[in-house]
Amino acid sequence: MIIDNFAQGLELFLSWGNVLAILIGVLAGIVFGAIPGLTGTMAVALVLPFTFSLPPVTGILLLVGVYKGAVYGGSIPAILIKTPGTPGGACTVMDGYPLARQGKAGKALNMALYSSACADFISNLALIFLAGFIAAFALRFGPPEFFALMCFSLTIIAGVSGSSLMKGLASAALGLLLASVGLDIIFGTPRFAFGEVELTAGLNFIPILIGLFAMPEIINQFTKRYRVATRIAEAANARVSWQEFKGSLRSILRGSVIGVVLGAIPGIGGAPAAFVSYGAAQRASKNSDNFGKGELEGVAASEAGNNGVCGATMIPLLSLGVPGDVITAVILGAFMIHGLTPGPLLFQENIDIVYAIFCGILLSSVFMVMWGKLGIRVFARIADIPNTVLFPAVLVLCVFGAYAVNSNPFDVLVMFLVGILGFGMLKANIPPAPFLIAFVLGPMLENNLRRALQMSNGDYSILLRNEITIFFLALTALSLILITIRNLKRWRRRTAARRDDASLAG
Amino acid sequence: MNISTKSLPLAVASAMALTSFGALADYPDGPITVVAPYGPGGSSDLAARTMASSIPDYIGGNVLVVNRTGAAGVVGSNFVRNAAPDGETLLLARYGSHATGPALNPDAPYDWDDFTYLGMLSLDAFVCIVPADSPYDNLDEWREGVAASPGKYSYSTSGFGTGNHLVVSLLLDSQGIDPDTANHVPYEGDGEVVSSVVGGHVDFTCVNLSPALGQINSGTVKPLGVTTPERVDDLPEVPSFSELGYDSMEAGVGWSALVGPPDLNGEIVEAWTAALAQLKDSESWNAAVLRLGAIPSVMSPEETKDFVGSQVGVIRDIVERLDLAN
Numbered sequence: 018m019i020i021d022n023f024a025q026g027l028e029l030f031l032s033w034g035n036v037l038a039i040l041i042g043v044l045a046g047i048v049f050g051a052i053p054g055l056t057g058t059m060a061v062a063l064v065l066p067f068t069f070s071l072p073p074v075t076g077i078l079l080l081v082g083v084y085k086g087a088v089y090g091g092s093i094p095a096i097l098i099k100t101p102g103t104p105g106g107a108c109t110v111m112d113g114y115p116l117a118r119q120g121k122a123g124k125a126l127n128m129a130l131y132s133s134a135c136a137d138f139i140s141n142l143a144l145i146f147l148a149g150f151i152a153a154f155a156l157r158f159g160p161p162e163f164f165a166l167m168c169f170s171l172t173i174i175a176g177v178s179g180s181s182l183m184k185g186l187a188s189a190a191l192g193l194l195l196a197s198v199g200l201d202i203i204f205g206t207p208r209f210a211f212g213e214v215e216l217t218a219g220l221n222f223i224p225i226l227i228g229l230f231a232m233p234e235i236i237n238q239f240t241k242r243y244r245v246a247t248r249i250a251e252a253a254n255a256r257v258s259w260q261e262f263k264g265s266l267r268s269i270l271r272g273s274v275i276g277v278v279l280g281a282i283p284g285i286g287g288a289p290a291a292f293v294s295y296g297a298a299q300r301a302s303k304n305s306d307n308f309g310k311g312e313l314e315g316v317a318a319s320e321a322g323n324n325g326v327c328g329a330t331m332i333p334l335l336s337l338g339v340p341g342d343v344i345t346a347v348i349l350g351a352f353m354i355h356g357l358t359p360g361p362l363l364f365q366e367n368i369d370i371v372y373a374i375f376c377g378i379l380l381s382s383v384f385m386v387m388w389g390k391l392g393i394r395v396f397a398r399i400a401d402i403p404n405t406v407l408f409p410a411v412l413v414l415c416v417f418g419a420y421a422v423n424s425n426p427f428d429v430l431v432m433f434l435v436g437i438l439g440f441g442m443l444k445a446n447i448p449p450a451p452f453l454i455a456f457v458l459g460p461m462l463e464n465n466l467r468r469a470l471q472m473s474n475g476d477y478s479i480l481l482r483n484e485i486t487i488f489f490l491a492l493t494a495l496s497l498i499l500i501t502i503r504n505l506k507r508w509r510r511r512t513a514a515r516r517d518d519a520s521l522a523g
Numbered sequence: 031m032n033i034s035t036k037s038l039p040l041a042v043a044s045a046m047a048l049t050s051f052g053a054l055a056d057y058p059d060g061p062i063t064v065v066a067p068y069g070p071g072g073s074s075d076l077a078a079r080t081m082a083s084s085i086p087d088y089i090g091g092n093v094l095v096v097n098r099t100g101a102a103g104v105v106g107s108n109f110v111r112n113a114a115p116d117g118e119t120l121l122l123a124r125y126g127s128h129a130t131g132p133a134l135n136p137d138a139p140y141d142w143d144d145f146t147y148l149g150m151l152s153l154d155a156f157v158c159i160v161p162a163d164s165p166y167d168n169l170d171e172w173r174e175g176v177a178a179s180p181g182k183y184s185y186s187t188s189g190f191g192t193g194n195h196l197v198v199s200l201l202l203d204s205q206g207i208d209p210d211t212a213n214h215v216p217y218e219g220d221g222e223v224v225s226s227v228v229g230g231h232v233d234f235t236c237v238n239l240s241p242a243l244g245q246i247n248s249g250t251v252k253p254l255g256v257t258t259p260e261r262v263d264d265l266p267e268v269p270s271f272s273e274l275g276y277d278s279m280e281a282g283v284g285w286s287a288l289v290g291p292p293d294l295n296g297e298i299v300e301a302w303t304a305a306l307a308q309l310k311d312s313e314s315w316n317a318a319v320l321r322l323g324a325i326p327s328v329m330s331p332e333e334t335k336d337f338v339g340s341q342v343g344v345i346r347d348i349v350e351r352l353d354l355a356n
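As you go down the protein sequences, you meet chains A and B in turn. If you read the first sequence in the working numbering, its first letter stands for residue 18, the second for the next number, and so on. If you read the second sequence in the working numbering, its first letter stands for residue 31, the second for the next number, and so on.
It should be emphasised that the hints constitute simulated quantities derived from the structure, not laboratory data. Bear in mind that the values here come from a model prediction, so they are computed numbers and not experimental data. We put the beta carbon where it would ideally sit given N, CA and C, even for glycine. Hints are not guaranteed to be accurate.
As the list claims (entries may be wrong) - Computed footprint of chain A on chain B, listed as stretches where at least three residues anywhere in the stretch have a Cβ under 8 Å from a Cβ of chain A:
#1 64 to 78
#2 90 to 99
#3 189 to 196
As the list claims (entries may be wrong) - Distance ranges between label pairs, derived from CB positions:
#4 B:178 <-> A:497: 36 to 44 Å
#5 A:410 <-> B:353: 53 to 61 Å
#6 A:150 <-> B:179: 29 to 37 Å
#7 B:87 <-> A:33: 28 to 36 Å
#8 B:178 <-> A:197: 35 to 43 Å
#9 B:292 <-> A:487: 53 to 61 Å
#10 A:69 <-> B:163: 34 to 42 Å
#11 A:240 <-> B:355: 47 to 55 Å
#12 A:394 <-> B:56: 30 to 38 Å
#13 B:60 <-> A:402: 30 to 38 Å
#14 A:390 <-> B:92: 33 to 41 Å
#15 A:394 <-> B:136: 54 to 62 Å
#16 A:487 <-> B:178: 29 to 37 Å
#17 B:92 <-> A:197: 36 to 44 Å
Stated by the list, open to error - To spell it out: a stretch of chain A is covered by chain B in this simulated footprint if at least three of its residues, at any positions, have a beta carbon under 8 Å from a beta carbon of chain B; those stretches are:
#18 59 to 65
#19 206 to 216
#20 358 to 369
Start from the sequences and build out the full structure, keeping to the hints where you can.
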C-alpha cells in the first residue's frame, strides 16, 4: 500500500522542476535564516506569490525547502556573531558562540549542520510513517495540557541559570515582565502600554532576541582597549570527529524526538523545542557544568530540537488541515491557492500529491547538508574577521534585523533599550537564557492557564483532567524537588568551603 | 547587448509618452506598499497577495505586500492612517480591523471612517461550527442545548474584539441566548480557533469560511450555518442564517477592502477605482479568490463606504445593547 503510494508519488515528483524547487528553496531559506531579522516566515511569505503560477507540488516543495533551510540557517549567525537568525536559533547561541570565541567556529557550525540534518530527516520519517498516530495525540493538547507542558518546560530555567539559581530566577522574572506588555488575551486590557499603540501590540521577539544577545556583546567590545586579535585558526578545529559526533548522538536523537512531538502540537514552534531538548541533554550529560560555556553537545541538542520540529509541523497540516505555526499557515495558503485542501480528504483524493511532497521532503535533508557544507567554508571565515571590523558590521546588521521584522523603527528602539539592559545583565553576571525562555514560554503558560479556566468556568480541577496533564505536572514537581536538592547541596558545599577558608585564614 | 542599451532610453521615453496620455501622469510613481495588518498565511494576507499579483497590469505599478501585525490589526491600520496621503502606502482593511475592532474597543486609535475607501475586494462568509462528536447537528438542537445549561459550553475566538468574537456574540444574541451563557476562550489566529474545535476543546465557534472549509468537507467539524444572505457555493448543503429566519446575522459577513490614509487625492482614488473595475473581470484573480473560499465582490469607493457604514451601524447597536465593549 505505502509502496504503491510511493511509486505514484515518485512518478509525479521526478521532474527537474521539483528537484530544482527544493534545491533553490533550501538555499534561499538558509540565506534568509542566516540574516538576522529576516525570518523563515518572511521568506515563505515572499516566495508564496511565485508559487501561484507553479504546479502545486513544485510550489509547495519550494516553500517547504525555504522553511527547512531557514530553520537551519538561523544557527549560523547564532554561532558566529551571537545573533540568532531565527527564534529557534536562540538556544544555539548559548554554546555556539563560546565555541566560536574559542576558535572552534567551524566545528560548531559543522555540528549544527549534522545535527540539523539528522533531526530534519528523522522528523520527515515521522511525518511519513507516524503522521496519523501523532496527529491524534497532538489534537488532545488543549489549554490544560498546554499549561502542564509549559510548567514542565519552565523548569529548564534552573539548568541554564549557571552558577546562581537566584540570578537565573531574577533574569526569568525580567523576561516575564517584558512578556506581559501588550493586550491581555481574555479581555484585551492593555498592560504596560502607557497609551502607546505600538506597545499594545506587545514587544516583538526578534528585537528582544538581538538586544539580549548581540547588543551586550557589541557594547562590551567598545569598552575594551583596541588590540589586534591573535586567534589562530586551526584547521583541525573545523571538523567534527566521528568520536565527537557519536558523543552527541544520543542528544541528537533525543532532541529529534522532542522536536517531533512538540512540533506536531499546533502552536508551540521551534524555540521551545530547542530549549526543552537542550535542558534534557544537559540533565543527562556528564559534562553538565560545561553547558553554556562551549559544549559541542549543547549545540547539537539545540539544533536537533528546533529542526526536529520542521517535518512534524507538517503532520497536523497534512493530516488535519490545521497549521501548527505561521509558516505552515502560509503553506496551507499555497495548497488552497491550488485548489487543494489539506486534511483527510487530501489523502483520499490526492494521495499522489501527498507522496510526491514526501519524496521531495526527504531530499531536503540531503540538500541541507550539501548547501551547508559549501556555506560553512565561507561563513567560518567570519569568525576570523578582526573585532574592530566585525562588531561595527554586526551592529549595522542588528539595526537592520530589528527593523526588518515589521518595518517598524519602534522595534529598533526596543532593541537598543533591551541591549542596554542586557549589557547591565552581562556585567552583573546575570544569564540571559532564563530571560528568553520566560519571555517565550511565559505568555503560553499564562494564556493557556486562563483559557483552561475560562473553559471550566473557573474550576481548577480541569488542570488534572487527564493523564497528559497529570504526567507533566508530576514531572514538574519531580524536577522542582531535584532542583531544590541539588541547590541545597551546592549551598551546603559552598558554606562549608567558606567555613574552611575562614578557619584556614583564622 | 550593445544594441539593447542603446535602445533602452528610447523604450523608456516611449513608455513615458504612453503613460502621459492618461490623466494619471505621475501615479504611481514607484512601488505601492499594501499593508496587511495580520500575519502571513491568514485570510487578509492572502487577499492582499492575490490582489497584488494581478493588479500591476491595471494600476501600472508594482504592489508590495508588507505584514505589519499586532493588536488584532490595529497596529498596521494605525500605521496607514498616519502615512503620507501619496497613494504609496495603502491598507488591506478587514472586517475585524475596521468594523468590529473600533466598535468593541473604545480606546482604538482610529475609527472606521478615518480612511479613504478605494474599493471592496471580496466578502467572506463566516460559518458557525461544532466538533464532529457534538450531540448537536443543527441550529435548533444547538440552541436548546446551549440555552439549557449556562456555563457548560465554551467557544473559541481569535481574541477580544476580533471578527469572530462579534459573530459569535451575534449568533448567541440572534438565538435569544445571553452571551454570558457560554464561556469565551480567546486564541490567537483563525488556525488555532479551528483546531480548538477539531480537537473538541471548545464546543462551538464562528470563523471565516476559508480556514474551516477543509475541516467541514472532511467531516471533522459540523457546520450550523453561514452568515451570508445566500448559501455559499462551496457548501451548498449548509443553510444561511437568513433563510433560517435570523437576518441579524448578516452583520456578520466579513470582507477585505482596499483603503488609503485620510484625504487621499481624488486622482489616486480614480486610478484605483478604474484599476479595481478591471480587476473585477480578471479571470485569474476571480479564480484565486474563489479557491480561497471568499466571494469576489469589487465595489466602487462609495458603495464600499455605504456597505461598511451600514454594517458598523448594526454592530454598534448590538455592542451597546449587549454591553460588549470593554
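Status of each hint after checking the structure:
1. Counting residues of the stretch 64 to 78 of chain B whose C-beta sits closer than 8 Å to any C-beta of chain A gives 6, which meets the bar of three, so the coverage hint holds.
2. Counting residues of the stretch 90 to 99 of chain B whose CB lies closer than 8 Å to any CB of chain A gives 5, so the stated coverage by that chain holds, three being the minimum.
3. With 3 residues bearing a CB less than 8 Å from a CB of chain A, the stretch 189 to 196 of chain B meets the requirement of three and the coverage assertion stands.
4. Our hint of 36 to 44 Å for residue 178 (chain B) and residue 497 (chain A) holds, since their Cβ atoms are close to 43 Å apart.
5. Separated by about 56 Å at the C-beta atoms, residue 410 (chain A) and residue 353 (chain B) satisfy the suggested range of 53 to 61 Å.
6. Checked against the given bound of 29 to 37 Å, the beta carbons of residue 150 (chain A) and residue 179 (chain B), roughly 34 Å apart, stay inside it.
7. Remark: the range hint 28 to 36 Å for residue 87 (chain B) to residue 33 (chain A) is upheld by a beta-carbon distance near 30 Å.
8. A hinted range of 35 to 43 Å holds for the C-beta pair residue 178 (chain B) and residue 197 (chain A), which are about 38 Å apart.
9. For the pair residue 292 (chain B) and residue 487 (chain A), the beta carbons lie near 56 Å from each other, so the given range of 53 to 61 Å is met.
10. At about 37 Å, the beta-carbon gap between residue 69 (chain A) and residue 163 (chain B) stays in the expected band of 34 to 42 Å.
11. Roughly 51 Å separates the CB atoms of residue 240 (chain A) and residue 355 (chain B), a value that falls within the hinted 47 to 55 Å.
12. Judged by the Cβ atoms, the range 30 to 38 Å given for residue 394 (chain A) and residue 56 (chain B) is violated: they are separated by roughly 49 Å.
13. A C-beta distance of roughly 36 Å is found between residue 60 (chain B) and residue 402 (chain A), which places it inside the suggested range of 30 to 38 Å.
14. Taken as a hint, the range 33 to 41 Å holds for the pair residue 390 (chain A) and residue 92 (chain B), whose Cβ atoms sit roughly 37 Å apart.
15. In this structure, residue 394 (chain A) and residue 136 (chain B) meet the distance hint of 54 to 62 Å, their C-beta atoms being roughly 59 Å apart.
16. As the Cβ distance of residue 487 (chain A) to residue 178 (chain B) is approximately 31 Å, the hint placing it in 29 to 37 Å holds.
17. The given range of 36 to 44 Å is respected by residue 92 (chain B) and residue 197 (chain A), whose C-beta atoms sit roughly 40 Å from each other.
18. With 4 residues having a Cβ less than 8 Å from any Cβ of chain B, the stretch 59 to 65 of chain A passes the three-residue criterion, so the hint holds.
19. Three residues within the 8 Å Cβ limit are the bar, and the stretch 206 to 216 of chain A against chain B gives 4, so the coverage statement holds.
20. Evaluation of the coverage hint for the stretch 358 to 369 of chain A: fulfilled, as 5 residues show C-beta separations to chain B shorter than 8 Å, against a requirement of three.
In this structure, only the earlier hint numbered 12 is contradicted, and the remaining ones agree with it.
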